[in-house]
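Take a look at the letters that make up each chain.
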Amino acid sequence: MNNNNFILKTLTTALLILAHFVSGAGAMDVETIIQKANNAAYYAGDDGRAEIKMEITDSQNRTRIRKFVILRKDEKDGGNQMFYVYFQRPSDVRKMSFMVHKNTKKDDDRWLYLPALDLVKRIAASDKRTSFVGSHFYYEDVSGRSLNDDAHTLIETTDKHYVVNNTPKDPGSVEFSSFKVWIDKKTFLPVKAVYLDKQQKAYREVEALETKEIGGYPTVTKSRVKDLLSGGETVSEFTNVSYNIGLKTNLFSERYLRKPPKQIRK
Amino acid sequence: MKSIQFIQISFLLIIGLYQNGITASALQDKMLDEYGIDVIGFTEARQGWRLQNTPHQKDISISELRLQMEITGEWDLATINFKGDFYGDLVDESINADVRSLNVLVSPFGFMDIRGGRQMLTWGTGDLLFINDFFPKDWVSFFTGRDDEYLKAPSDALRISVYTPIFNTELIYVPMVNSSVYIDGARLSYWNRFQNKISGSNYILHNENRDNFPDDGEFAGRLYRNMGSMETSIYGFYGFWKTPEGFNPSSGKLIYPRLSAGGASVRAPIFGGIGNMEGGYYYSSDNTDGDNPIIRNSEVRFLAGFEREISSNLTAGIQYYGEWMQDYDEYLKLNSSLPNDEFRQLITLRLRKLLLNQNLILSFFTYYSPSDNDAYIRPKVKYKVTDAIALELGVNIFVGEHQHTFFAQFEDNNNAYGSLRWSF
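So the sequences go chain by chain: A and B. In terms of our numbering, the first sequence opens at residue 5 and continues consecutively. In terms of our numbering, the second sequence opens at residue 844 and continues consecutively.
If you are wondering where the hints come from, they were derived from the structure by calculation, not from laboratory data. C-beta: ideal position from N, C-alpha, C; glycine also. Mixed in with the good hints there might be a few duds.
With a straight-line Cα cutoff of 30 Å, these simulated DSS-like cross-link-like pairs (lysine-lysine) come out [said to hold, decoys possible]:
| # | chain 1 | residue 1 | chain 2 | residue 2 |
| --- | --- | --- | --- | --- |
| 1 | A | Lys202 | A | Lys110 |
| 2 | A | Lys109 | B | Lys1196 |
| 3 | A | Lys40 | A | Lys196 |
| 4 | B | Lys1196 | A | Lys110 |
| 5 | B | Lys980 | A | Lys263 |
| 6 | A | Lys263 | B | Lys1225 |
| 7 | B | Lys1196 | A | Lys205 |
| 8 | A | Lys196 | A | Lys77 |
| 9 | B | Lys1225 | A | Lys99 |
| 10 | A | Lys196 | A | Lys80 |
| 11 | A | Lys71 | A | Lys132 |
| 12 | A | Lys99 | B | Lys1223 |
| 13 | A | Lys205 | A | Lys173 |
| 14 | B | Lys1196 | A | Lys230 |
| 15 | A | Lys216 | A | Lys77 |
| 16 | A | Lys57 | A | Lys270 |
| 17 | A | Lys99 | B | Lys980 |
| 18 | B | Lys873 | A | Lys71 |
| 19 | A | Lys202 | B | Lys1196 |
One side only, chain B facing chain A, incomplete, derived with CB under 7 Å [claimed, not checked]:
| # | residue |
| --- | --- |
| 20 | Leu964 |
| 21 | Thr965 |
| 22 | Lys995 |
| 23 | Ser1072 |
| 24 | Pro1112 |
| 25 | Gly1116 |
| 26 | Phe1267 |
With the hints as extra help, turn the sequences into a complete structure.
Set out below in structure tokens:
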């Protein structure tokens, strides 16, 4: 009797452990996946620097170039961040600097410095789904979309990817009805996203074209946004990327808007 | 005819330069990468006409071909910046070379920046309204449709900025006052108080320059800090009115009377946009009691503004501004004919719409004064044909009930202009 009892107890415990193990490894919780993806895509290192070149091609094949340097510092992973953007091309915006204090709990604070007028302009918070510097990238593609803005469902797990579907909690605030993201299982970098419009038709696609490991952080170094309806696209290339370079918080202040910091140079 | 030819020549010149643009870009990269010297600039043709026949003025309101070059050298010890404009002007029939900046920036300590030399200076929270910004403006450029950049005129100044964790300080010393470019009749007509009618180049106002060192020096200071998302500043100024607000009967010339001022401003996100408030007290110390008829009285100025995006790529901004003249009773006794109001008010409206991947910019800015019942309307369209070439069209319209009020006096200067700019 005692013996049987012992065997039963052992079996039950073993089963429970097994069940726990299976659920933990096989089916990672979707919230964990998107959190890891968000951190991999937007919070690599404590700070970072990159030079970005965007080539914008419109539906009639005319191209325009944007070049700028971005400095970034995180308060903590998944939390508030500060960005400093120094424009190099085209010539008419060269030497302008743009600063964003990204706030996860309230509107971002943004400033633009126009050196020709020595003017520090405060920029009103805008629709985050409008074009960034005239490209096909939106502000949100550059600085990240809040995870709380969508409901997330893991719809598929392939050999290489987690496929997550995202539905906006406030459908009136965005132009899409949902978007699907492919997240690399190893690096947790989102490598592709397809947006469906209100008629459930795919109209916008963001794709990582090249990924490199830089300073221990997997990094998307080339990406593309396609406007599937009009045919225009923007290809964005990241060069001279570095992480954990010791950027100080006070660098993201009015002082350095007027006087671009050394770190914007190579 | 002359101006048509001028446009043709300008156009050819810009196209010619553009064809060499690829070379220019490679040269710029080489200068920056190898020597740390950043070279940028533009050439531009700008042409404008008056929209009415104006006695004592030409039909063209602006007609110029301009080259601007900016060279910045950055080294560990210092940054040197030069910006100069070279332009020919058919209205003045002159060729000019203006140095817009030539200054050295050093940071002797981690908490201090010093910039000395000719430079642009701006502070305050108003949008095309200035209360605590006592730095020179060029109103002729603004009213004739030059690029917004030219509203600001340079100062020859020493600017010392000190940054501490509690607050930041900026101190500006101008050894010899730099005045604003005001409307003197030469290029733009104005209400002539001496003749009680509108005058142009038949009655050009002259002023006595302030050019004594060190007596004609100026000091401006600002203390500021951010509290969360809110920016707060307090300001002080000891110098002179930036436009000649006085008259010397013995010389028959306008003068720049002494002015001291203090003020404060706040700017913060509110209601999904940006709100700002600013105020200042102008102490006209050469006319402390308002009993001097030929020097402007002291006044209180304030403004409140709000700007937000009202739909995708459309931003709207509105401001309310007031100038409250002090010692008005004294003023009235001395200025019985066509006196200014005790309380001049302005409302401004800005609308800005971006279209065609932000390459087409429609902007509208207007000043309306309910107290003077006059207005200044400046709509503008800018199209970036390519990354290097931009076209601009705009008009400057002044309307009002009485000819002597601030904006209405310029009604003979209504103009339309266009420009073609190649940036490199």
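Each hint tested on the structure:
1. A:Lys202 <-> A:Lys110: holds, 27 Å
2. A:Lys109 <-> B:Lys1196: holds, 28 Å
3. A:Lys40 <-> A:Lys196: Holds. Lys40 (chain A) to Lys196 (chain A) sits at ~16 Å (cutoff 30 Å).
4. B:Lys1196 <-> A:Lys110: Distance ~25 Å between Lys1196 (chain B) and Lys110 (chain A) Cα, so the pair holds.
5. B:Lys980 <-> A:Lys263: With a Cα-Cα distance of about 23 Å, the restraint between Lys980 (chain B) and Lys263 (chain A) holds, given a limit of 30 Å.
6. A:Lys263 <-> B:Lys1225: holds, 28 Å
7. B:Lys1196 <-> A:Lys205: Judged against 30 Å, a Cα distance of about 28 Å means the pair holds.
8. A:Lys196 <-> A:Lys77: holds, 25 Å
9. B:Lys1225 <-> A:Lys99: holds, 20 Å
10. A:Lys196 <-> A:Lys80: Holds: Lys196 (chain A) and Lys80 (chain A) sit about 25 Å apart, inside 30 Å.
11. A:Lys71 <-> A:Lys132: holds, 21 Å
12. A:Lys99 <-> B:Lys1223: The given pair, whose Cα atoms are some 24 Å apart, holds under the 30 Å limit.
13. A:Lys205 <-> A:Lys173: holds, 19 Å
14. B:Lys1196 <-> A:Lys230: Holds, because 24 Å separates the two Cα atoms, which is no more than 30 Å.
15. A:Lys216 <-> A:Lys77: holds, 21 Å
16. A:Lys57 <-> A:Lys270: holds, 15 Å
17. A:Lys99 <-> B:Lys980: holds, 22 Å
18. B:Lys873 <-> A:Lys71: holds, 16 Å
19. A:Lys202 <-> B:Lys1196: holds, 25 Å
20. Leu964: Leu964 (chain B) check passes; min Cβ-Cβ to chain A is 6 Å, inside 7 Å.
21. Thr965: With a minimum Cβ separation of about 4 Å from chain A (threshold 7 Å), the hint on Thr965 (chain B) holds.
22. Lys995: Lys995 (chain B) check passes; min Cβ-Cβ to chain A is 5 Å, inside 7 Å.
23. Ser1072: holds, 5 Å
24. Pro1112: Nearest chain A Cβ about 6 Å off; hint holds.
25. Gly1116: holds, 4 Å
26. Phe1267: At 6 Å from the nearest chain A Cβ, Phe1267 (chain B) passes the 7 Å test, so the hint holds.
Comparing the model with each numbered hint stated earlier shows that all of them hold.
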